[in-house]
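J.: Residue strings, one per chain:
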Amino acid sequence: MVRFVARRLLQAVAVVLAAYTLTFAVFSVLPADPVRIMMGPENTRDEAQVAALRAEYGLDRPVAERYADGVLGILRGDLGTSFQTGRDVGATIAEAAPRTFALAGAALSLAIPAGFLIAWTAAHTRRLWLRRLLAALPGLSLSVPTFWLGLMLLQAFSFGLPWFPARGGLVLPAVTLAVPSSAFVAQVLLERLTAEMRQPYVETARAKGASRARAVTAHALRNAAMPALTMAALLVGWLVSGSVVVETVFARNGLGRLIESAVATRDLPLLQGLVVAATAAVTLLTLTVDVAHPLVDPRLRERAA
Amino acid sequence: MRFARRLGVLPSALVLLAAAVAALAPGLFSTADPVRGDLGERLLPPGAGHLFGTDELGRDLFSRVVHGSAASLQAAAIAVGIAVLTGAMIGLVAGTAGGRLDGLIMRGVEVLLAVPSFLLVLVVVAVLGPGTREVAVGVGVSAAAVFARVMRAEVVRVRGSAYVEAAAVSGTGRAATLLTHVLPNASGPLAALATLELGNAVLTVASLGFLGFGALPPAPEWGSLISAGRPYLASAWWLTTVPGLVIVAVVLAVNHLGHVLRTRSERR
Amino acid sequence: MTPLLAVHGLTVRYGRDRPAVAGADLTVEAGQIVAVVGESGSGKSTLAHALAGLLPDTATTTGGVITFGGERIDGLRERGWRRLRGRRIAFVPQDPGTALNPLMTVRAQLAEALRLAGTPRPGRDALEDALARVGIPDPAEVLGRYPHQLSGGFRQRVLLGMALAGRPELLIADEPTSALDTTVQKTVLDLIQQVAVRDGTSILLITHDLGVAADRADRVAVMTEGRVVEEGPAGRVLGRPEAAYTRLLLDSAPRPLTGPAPPEGEPLLAVRDLRKVFPDGKVAVDGVSFSLTRAGAFGLVGASGSGKSTVARMITALIEPTAGSVLLDGAPVRAGRVQFVTQNPYTSLDPLWSVGRIIAEPLRATGGADRRAQVRRLLEEVALPPEVARRRPSALSGGQRQRVAIARALAPSPDLIVLDEPVSALDAVTQAQILALLRRLRDSRGMSSLLISHDLAVVAAVAERLAVMRDGRIVESGPTADVLASPEASFTRDLLAAIPGRGR
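Residue numbers (our numbering), protein chains in the order written: chain A, 31 to 335; chain B, 50 to 317; chain C, 57 to 560.
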């Protein structure tokens, strides 16, 4: 088990470094160089200025040297310096993170119970119309652009009915982010639950005299939970894209706005740092699920040992 | 259930057809100028003269939505095209080669999948700059990894099937088996995935348009139309509401068709 | 006296389809074993589920009366069923491999069964007793195991133990042994029979196997197309059948070839000291030798995991032997000279191809002339109408698909056809038809075949010589008639004794 965890940990580090390598390759090895990208094609006439900036950011050093520096930096936890502000990227991210974590946390605390409830009810009910309705709900929610949903909520509950502030409040942004997230949770879980409900062991449980609710909760859900959890990494992906648009719609500062401004100002080191940080978060989550999986499933326990 | 599904296919197909016609020949739907407006007709609500109302410059919103479908749908279609072609190629190579090359390719795909895809799109957009084509490339590149993984899984599944074994015993060569058994059987799930991805791509393209990284003004695009309506959220609801509803309708239609395709390919 | 269970005119539909159970009648007296015999699609499994209140939501009961212990139970709601299930009516499902929750220990699942059956806090003694009653020798050990750590036979015992936890009056067993090897099947059926005698539990045994019914049941009900077409004492129904369908079913049971085996001629296929070690170190085949006469039929019998399929794969050159040789006419096997028919006709045909194209596939490789005429001739040989050539596999039944697979194998006029469990996925009547086809092809075109099966009766119905395999080795071989008459190896005797239908 220890060896299994250690091996997975090494793999996770390799994935994060590979993500860094990928952005490094895109930013540095492509014909355009970061300074030109940042300044935009129309402002790069003045070669002397370009050269000066290159020197300032240390971009005149050989590619291999810069790459090695970057990798060593990441292993030390140093993500470089922003082009725009000249500040440490790691510190900038750390500063913006808490507000986004609050948003994502609030959204997930709505989305996960809601998603569970939808999937559980759909799997458990005998009413066919209710099951169909609940099963169609996630697909409907996931067809709605998140930013538009935020605007509609603003329109209805800030301007129409003055219940929530258009700026500064947490409720509307959290609800906006929670809708696609809960749809995602419900969809993944319901798909797994439906598959598990067809398994003969559920019938065995019912033959023993278990109620439908018990068959779903104690048997099917237990088997569906872990495979569904392996999709958690995708949920983080959702939260990243969701936070970018939600923070823009509700004018909240946070990681999403930071990403948006890094792209708008072409602050490549900042964007690179954000990519590495997000990948690390996703990979860490995947790792946790992978390590937890054998704890729940005895069949995997033997294989991991 | 099956009947209900089939019932939904026709409206979905009609919505898609309408959107496609709007993208290819917007003049068929609307003769109003999408770019130049009549300042005397500013911010009119939806009504007989202007189906979707007018914006702050007196431009007809219906016409802008119709003309915007070209940018939105083209970007989404190009993105899916890029994703399918590169992804399927990578997956096919990995699935047929097997062994070390397969391992190496799939490691790379795993890395791409570990980066949140929206970030990947933004990285590409940051390098290439804003614009419809740039957005399409970004969305396409970020979705390719999923196609690679599905294609590889399909190739491995079909290659391990009893009918490919039978083909081997019959003396059918590797290349012929690949062309006649593996590719056709792998393409069903891939087509379903491509359709579902088209819905995703429409949403992502709209998000990028909303953030200001999409089509350059004054050309209309669905996401940027919604963004342009933001200042009038309290006074002119239709500027944000109506284009959003159009996006929802198109994405719902695409996703519905994708699910039908997926169910069909799974039933085989 | 009122019977324990009485069913009158029960009708069950799935959606708008033709009813799966169409006016079935059935009676089970206290302490009796009643077998419901039928092929897949006969409605027997739907009947079993209806009697346990376990029909899926897509099914609706549209008619009929079910009484249990003198009370009507057909209109029961979920709550009412829950008072019956596990306490008075128990159910044993078909596939022990998937019928236990993989994430829970035997202890947890058995305790749940005991709790639901009315023992509020089952102690260790109660749990161990429940397992001891189904013949598990060391209950304390098995309680701590997870399902995947148990063999199929033990899993089925655990399921039976759970079903009996509430001391039910009626036990419904839906094909309880069809997923098990023949010898294990016998021990589980012995156990079920023992329960009926010991506890006076009535048993409703659902099976496709007439032999099982003949051996175990007091009464037999034969089902087809949703109806019970014949019902009566087992000896009478199977001895003097009245319904035409029962007679067809009885005639379909595989019978060993009669007459002495033809003398051994020049060997077509010579297998010498074949050995296969898989990369994980498992020795699948360990020194197998046999030879097959031209125009002969040779059978290879063994339980799952005996290595017989690995032998087939080495002969068809799908996998490389670790050691030993396979010679066809004294030379290594060339491509196309040995053809292969696999077990599952549902996966062996490309779903996108037409039947004509499937059959012509080997012709394309060898370059045959006028393919369409050839395809028509091959279809005729396997007794399929020519218009089948245009259809896709999904439009065909299992038996038709297997005929297509055989036609494809015949197409390049191979020297030898290897058939790996060619009928195990098929119903009795279809099975008999395919076996007859194999015998006819041998007579008409001198087809040489190697037939592999877990079922000694199936092999004996086609092959004049056979070998019995166990743990990768051949334990006995010789002319079929001799092996059946005087088996030498104890394993072969077990195998013979376990064939259902020989008990009476």
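Some hints could be false.
FRET-style restraints, in silico, Cβ to Cβ [unchecked claim]:
#, chain 1, residue 1, chain 2, residue 2, range
1, A, 163, C, 116, 18 to 24 Å
2, A, 32, C, 97, 31 to 37 Å
3, C, 158, B, 209, 50 to 56 Å
4, B, 209, C, 447, 22 to 28 Å
5, B, 95, A, 163, 26 to 32 Å
6, A, 264, B, 149, 27 to 33 Å
7, A, 143, B, 149, 43 to 49 Å
8, A, 143, B, 178, 40 to 46 Å
Partial list, derived from the structure: chain B residues whose beta carbon lies under 8 Å from chain A [said to hold, decoys possible]:
#, residue
9, 138
10, 142
11, 163
12, 167
13, 209
14, 210
15, 256
16, 291
17, 300
I should point out that these hints are in silico values taken from the structure, not numbers from a laboratory.
A virtual CB, placed ideally from N, CA and C, is assigned to each residue, including glycine.
J.: Work down the list of hints and note, for each, if the structure agrees.
T.: Here is what the structure says about each hint:
1. Remark: the range hint 18 to 24 Å for residue 163(A) to residue 116(C) is upheld by a beta-carbon distance near 21 Å.
2. A beta carbon spacing of about 53 Å between residue 32(A) and residue 97(C) contradicts the range 31 to 37 Å that was offered as a hint.
3. For the hinted restraint 50 to 56 Å between residue 158(C) and residue 209(B), the CB-CB distance of approximately 24 Å leaves it violated.
4. Distance hint check: the CB atoms of residue 209(B) and residue 447(C) are about 25 Å apart, consistent with the given range 22 to 28 Å.
5. Look at residue 95(B) against residue 163(A): about 30 Å separates their beta carbons, and that is inside 26 to 32 Å.
6. Restraint check, residue 264(A) to residue 149(B): a C-beta distance of roughly 28 Å satisfies the suggested window 27 to 33 Å.
7. A hinted range of 43 to 49 Å for the beta carbons of residue 143(A) and residue 149(B) is consistent with their spacing of about 46 Å.
8. Separated by about 42 Å at the C-beta atoms, residue 143(A) and residue 178(B) satisfy the suggested range of 40 to 46 Å.
9. Contact between residue 138(B) and chain A, as hinted, is not supported at the beta carbon level, the nearest pair being about 19 Å apart and thus beyond 8 Å.
10. The interface hint given for residue 142(B) is broken, as the beta carbon of that residue sits about 19 Å from the closest beta carbon of chain A, more than 8 Å.
11. Given the 8 Å rule on beta carbons, the hint for residue 163(B) holds: about 5 Å separates it from the nearest Cβ of chain A.
12. Given hint, residue 167(B) at the interface with chain A, holds; its Cβ is 3 Å from that chain's nearest Cβ, closer than 8 Å.
13. Checking residue 209(B) against chain A by beta carbon gives a least distance of about 21 Å; that is not within 8 Å, so the hint is violated.
14. Because the beta carbon of residue 210(B) sits about 21 Å from the nearest beta carbon in chain A, more than 8 Å, this interface hint is broken.
15. At about 6 Å, the closest approach between the beta carbon of residue 256(B) and any beta carbon in chain A falls short of 8 Å, and the interface hint on this residue holds.
16. The criterion of a C-beta within 8 Å of any C-beta in chain A is not met by residue 291(B), whose closest approach is roughly 11 Å, and the hint is violated.
17. The beta carbon of residue 300(B) is positioned within 8 Å of a beta carbon in chain A (closest approach about 4 Å), and the interface hint is therefore held.
In this structure, the earlier hints numbered 2, 3, 9, 10, 13, 14 and 16 are contradicted, and the remaining ones agree with it.
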